[in-house]
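Chains as they are written, first to last, in full-length UniProt numbering: chain A, 1 to 291; chain B, 1 to 285; chain C, 1 to 255.
Since the hints were made in silico from the structure, they are not lab data.
Be careful, since some hints might not be right.
Unchecked claim - Pairwise CB distance ranges, derived in the manner of DEER restraints: (1) Val106(B) / Ser59(C): 33 to 43 Å; (2) Arg35(A) / Ala5(C): 33 to 43 Å; (3) Arg38(A) / Leu19(B): 32 to 42 Å; (4) Leu107(A) / Gln168(C): 51 to 61 Å; (5) Val106(B) / Arg35(A): 19 to 29 Å.
Keep in mind that this is a model prediction, so the values were computed, not measured.
C-beta atoms are modelled at their ideal positions from N, C-alpha and C, and glycine is treated no differently.
The chain contents come next:
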Amino acid sequence: MSLEGVQTVGSARRRTARTADGLPEGRVRRALGSRRIRDLGLKVTGVLTVLVALELCARLGVLSRDWFPPMTDTYVELAKLAFGHPLWTEIGRTLSGWALGIGLAALLAIPIGVLLGSNRTAYRLSRVVIEFCRPVPSVALIPLAVLVYGVGLEMKVFLIVFVTFWPILLQVIYGVQDVDPLVYDTARSYGLPPRARFFRITLPSAAPYIATGLRIASAIALVLAVTAELVVGAPGLGQSIVVAQSNANLPRMYALIIVTGLVGWALNTAFQAIERRLLRWHPSQRAEVAS
Amino acid sequence: MSAVTRAPRKGTGRRALGLLLELALPAALLIGYGLWSHRAQSFYFPPLGEILEYFGELWLFDRVGSDLVPSLLRMLAGYAVSVVLGVALGLLLGMSRLLRTAAEPVVEFLRALPAPALIPFALLMFGAGDGSKVFVIVLGALWPILLNTIDGVRGVDTQQLDMARSYRIPLAARIAHIILPGASPRIFAGMRTSLAIAIILMVVSEMVASSNGLGYFVLEQQRSFAIPEMWTGIILLGVLGYVLNWLFLRVERRVLAWHRGARGLSAETATPAPSTPSSTEKTDA
Amino acid sequence: MLEVANLRKVYGPDPHAAPAVADLTFTVADREFVCILGSSGCGKTTMLRCLSGLIPSTSGHISLRGKPVTGPPDDMAFVFQDYSRSLLPWMTVRRNVAFPLRYKGVDRREAEALTDEALDAVGLAGRGDRYPWQLSGGMQQRVAIARALAYRPSILLMDEPFASVDAQTRSGLEDLLLGVWERYGITVLFVTHDIDEAVYLADRVLVLRPPANVGHEVTVNLPRGRDQVETKAHPEFGRLRGELFAALDGGPVAA
């Protein structure tokens with residue numbers, strides 16, 4: 001999605017530019033339609049190339065049989081897993097930690113971010129703490145989390161909350177500080193009460209930033225959930241990968257790795273879609289359409 | 001961040017007051033923890049003095065060679081490979097629409113795959129040595145650099161490229177003197193994100209099947225209930241993350257001095273470019 | 001001599017689509033200063049990009065000094081409208097000017113000399129170590145001109161180069177351009193939408209009408225050694241301006 005997705009703005013500009021050069025609207029649309037089909041073909045080709053290459057490497061012994069079974073075995077295992085309930089249970093375990101974690105982090109980070117974004121003194125008070133906590137490698141806290149919370153869901157949630165709090169907080173601060181002061185002053189001069197100013201102006205303006213923060217947090221949360229499962233054995237996808245590996249069930253291990261990637265991909269895609277929706281009003285988009 | 005914190009320059013007294021304000025909360029937190037931990041006698045949260053005592057014993061400089069240096073070397077090796085690979089692939093994919101489109105689903109999948117999930121695979125492929133750790137670091141740290149490089153390359157000013165073509169500047173020189181510098185602000189943004197990821201994955205990879213390194217150290221101390229020792233490792237990792245980030249920012253400031261200058265000066269005359277949240281950060285792990 | 005015959009440019013794969021440039025024919029003699037005048041959106045930029053070999057034309061013929069133009073020719077330099085986007089912000093002024101020379105096969109010593117001379121010609125001798133963004137808009141465009149001059153082209157293509165500077169700076173840049181044109185003996189093809197600028201600078205003005213073909217041509221018989229006050233007060237200046245205004249506005253003017 002986002003290889004092209006991030007630049008949709010730029011390509012939109014190129015498209016409009018070309019229409020301005022005198023191409024009739026309909027022809028542009030037709031050209032774009034055929035381009036979309038061609039792109040789809042390219043993408044399918046790209047995926048197939050990688051899969052065939054992996055298969056060949058496995059069959060021809062470029063990658064050792066000992067640790068790389070033919071991909072077809074993995075697909076069979078994947079299909080078997082998909083129809084048995086343990087896989088979905090494991091996904092559920094991983095995702096419940098993920099959801100609780102970013103949910104709590106958002107509940108904490110959004111109000112604090114709004115406060116710090118709109119109050120200069122509060123922001124300066126906390127700046128050093130934020131700057132110091134942000135680059136600290138979160139995973140260093142895994143041992144502490146295990147000590148305090150054991151190896152269950154609580155530990156996972158604690159880790160995720162502690163780590164995803166920062167990116168959400170920072171994006172909320174950016175978002176609130178980015179509210180157009182002119183719009184804000186106008187609202188004030190029309191006598192909009194503070195509550196309405198917050199819900200009508202501050203929050204909608206900051207929404208795209210919050211969405212970005214949540215997208216970043218989602219990816220990090222999944223990494224942490226899988227890490228916690230993998231390293232200390234909390235139940236979930238990460239742990240089942242380790243179990244498959246120690247049982248020397250390699251097709252299952254690879255199938256589970258693929259599933260983990262697909263879960264990550266699905267979450268990413270969903271968050272990107274939300275973000276793009278929320279961004280529609282943003283001046284950057286408007287300016288591009290107008291040019 | 002800097003745009004917000006730029007304090008009005010009105011005399012040193014005011015600036016000192018500002019500094020005091022900024023340091024108030026950290027100081028309060030430290031003192032608060034000191035008082036609380038002294039009173040509470042919690043097993044998990046030992047007093048600061050005790051942790052510092054152990055810190056001196058362990059890290060000045062007993063375990064520096066056995067744990068800190070191996071960790072740093074793995075991290076730097078993984079990071080270096082990520083930067084080289086990410087920029088090279090990013091150039092290729094950024095310049096060719098065909099390759100970019102074809103590679104998109106595969107890249108999207110690999111970047112969404114949580115890198116720690118590949119640790120078992122890395123152990124099978126490279127054994128329990130440094131190779132598997134570097135591999136895991138690369139598979140996590142590569143993506144922000146790659147994606148930001150692609151974006152940066154695609155965002156290079158078309159007029160600069162036209163200029164270069166009209167002066168018949170060869171492709172290699174166009175890449176070296178126009179495309180790479182033009183993309184460098186984005187490349188650096190990706191590298192900054194990747195630095196944090198590389199440190200995280202260094203720790204994680206050392207927590208699984210390892211016999212030294214900071215990640216190994218922290219987990220081992222916890223498993224043997226050596227709590228103050230564990231804390232020294234956590235603090236060291238925190239300091240390490242902070243210092244590496246600080247070093248990176250200094251390098252970035254130097255290399256991108258022209259960028260800040262050009263943006264800062266043009267911002268006064270032209271309307272400032274709105275920073276789209278989605279394009280300013282690509283922080284996915 | 002630059003010769004353009006039946007030039008046609010259509011964007012996209014369909015050759016029967018509405019052309020951006022259609023059936024354009026004109027010639028520019030050596031050392032001539034020709035202005036191309038047209039309102040915005042009449043295909044001026046497309047035409048220049050074809051002439052400079054940056055984009056291929058759909059049909060027609062372009063040749064420079066007898067050689068057909070298929071890619072950017074080695075004795076042509078291009079000055080873009082948006083100076084802030086064609087100068088490289090990570091290079092100093094000197095390096096910006098010298099940059100194309102390295103790949104033209106000019107040795108280091110000579111490149112230095114050419115750079116110095118060009119910067120001197122545009123009055124930026126002391127500013128070589130600055131960065132472009134540390135200079136005003138007018139100075140930045142002078143850097144772009146210096147870069148073109150140092151390249152020692154036989155022909156200079158200019159795409160509304162003074163459109164985004166203020167009026168004061170603009171007349172200064174016009175005089176500077178006339179000065180270097182005379183001094184270097186180059187051919188200039190100058191695109192503008194400003195009638196006064198066209199009359200003031202040119203030997204000949206071609207009026208472009210969409211889709212970019214020459215709707216009208218005017219020879220400017222004002223004496224050289226032009227002066228912002230005297231030339232513009234000349235009765236002939238007023239007459240030419242009126243004629244061009246009418247030509248731009250629509251119907252053919254009986255000349």
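Legend entry - List of violated hint numbers, smallest to largest: Violated: hint 3 alone.
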